[in-house]
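Start counting the sequence shown at 8; every next residue gets the next number (my numbering).
Among the hints, erroneous ones may be present.
[Stated by the list, open to error] Restraint ranges, calculated between C-beta atoms of paired labels, are given here:
no.	residue 1	residue 2	range
1	V128	R169	18 to 26 Å
2	V69	D171	48 to 56 Å
3	L55	D195	38 to 46 Å
These are calculated hints, taken from the structure and not from any lab test. Note that the structure is predicted; figures quoted are calculated from it, not measured. Cβ coordinates follow ideal geometry from the N, Cα and C atoms, glycine included.
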Amino acid sequence: MSTTQRQPDRRPDRRNRDNRETERDLFIATLGHDLRNPLATIAAGCALIERGTAPNDSNRAVIGRMIASVERMSRLIDQTLECARLQHEGVRLARRRCDLVELCVASIDESELREPGIPIVLQAPDELLGVWDPDRLAQVIDNLIGNALTHGYGGVWINLERDDDGVRLSVHNWGPVIPSELLPTLFDPFRGTSTRGLGLFIVDRLVRAHGGSLAVESSERRRDHVHGLPPASAGRG
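All chains should be built: construct the whole structure from the sequences, respecting the hints.
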């Protein structure tokens, strides 16, 4: 004689978990939008004070640091909102033919304006054409450079090349070694205390949406080294 034991219905637990995740995403989105308004007011006030401060006034340096902090807070809010959006809605791509080298150069120019004096070196061919979403790949490049600047020192090195699998974008810097036990959780935006996971989560989602992959290496010899690999949809010429 055999008996069959009915398994408990797990669907209510899954629904509850999904509801909690949806509520969390909505809370993050609402908080991000609510933080933007006072931050914009602070930024406008700093700009007014800066314009009214004499060029040789020592307070000008303080105002400059305040403005830089406001800009960094604004970027963190944008990253948090983007994380919630990607988790809730997924990635939508608008592919068209574009030059990945041009995207890198534009991102480097913007980064050098935000972080003057820190060298950002690009090694790349004259052009690298492919069919991608240029706005999304610009996000990828911006986040990788921003992550390297925030968590490293002495400059950032970017290598862009075509290989048999498509295109390889490598960004590396010198900084504190990431403990090996933390590497598997780097792409999780809500684990740990570092903001590193916000940017890398966004990069991972956007690169995977293009059919590529992302890998992070960290050692005493090389420190942080991030590889993004868009797929072989890259056109030649």
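These are the hints, each one checked on the structure:
1. In this structure the supplied range 18 to 26 Å holds for V128 paired with R169, their Cβ-Cβ distance being about 19 Å.
2. Checked against the given bound of 48 to 56 Å, the beta carbons of V69 and D171, roughly 52 Å apart, stay inside it.
3. In this structure the supplied range 38 to 46 Å holds for L55 paired with D195, their Cβ-Cβ distance being about 40 Å.
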